[in-house]
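Asker: These are the residues of each chain, in order.
Number of protein chains: 2
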Amino acid sequence: MKIKVVVTLKNGVLDPQGKAIQQTLNGMGYSNIQGVRQGKYFDLEIAENDEAKAKVAAEEMCKKLLANLVIEDFKIL
Amino acid sequence: MKIKVVVTLKNGVLDPQGKAIQQTLNGMGYSNIQGVRQGKYFDLEIAENDEAKAKVAAEEMCKKLLANLVIEDFKIL
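Residue numbers (the working numbering), protein chains in the order written: chain E, 1 to 77; chain A, 1 to 77.
Calculated from the structure, these hints are not laboratory results. Hints may contain errors.
Note that identical chains are pooled: a pair holds if it fits in a single copy or bridges any two copies.
Claimed, not checked - In silico DSSO-like links for lysine-lysine, alpha-carbon gap of 30 angstroms or less:
{"#": "1", "residue 1": "K53", "residue 2": "K63"}
{"#": "2", "residue 1": "K19", "residue 2": "K63"}
{"#": "3", "residue 1": "K64", "residue 2": "K53"}
Sequences are here, hints too, so could you generate the full structure?
Answerer: In structure tokens:
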């Protein structure tokens, strides 16, 4: 089954890439954009039919590889 | 309000980064991982209280800047 994971920077961690996107959008005329934060998204195809088990495995993989927990949070969708 | 956007590679577009992650996970013992696709995630903070209008604006920004529609799809969450 497919498990979707989002990894985002923690609040307070600087995100220059997001800032650059925000400034570009503002420059394009979207003046109502007050902030952009960029994160990562993963589609994991896991050979496991039990959704609960697949999510537990995905969480473990996030902690070990996909997210840097010092500066990032992750969420299993 | 906050609008979340996910940008993913279209099916059929090669994703060497996702492949590398898959091989690493397999090498770490997660042999049940059959595929990984990596995408991008954006948190947009829009000064707009009407959710429908904010989503329309986000869609426009995706088409113009955030996604490369030749090889990527986007989804407003």
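Asker: Determine for every hint whether it applies to the structure shown.
Answerer: Do the hints match the structure? See the list:
In the homo-oligomer, the alpha carbons of K53 and K63 lie at most 30 angstroms apart inside one protomer (16 angstroms), although the nearest pairing across protomers, at 37 angstroms, exceeds that limit. For a Cα distance limit of 30 angstroms, the shortest separation of K19 from K63 qualifies both inside one copy, at 27 angstroms, and across copies, at 19 angstroms. Taking the shortest Cα distances, K64 and K53 sit within 30 angstroms of each other inside one copy (17 angstroms), while across copies they are farther apart (39 angstroms).
When the structure is compared with the earlier hints, no violation turns up for any of them.
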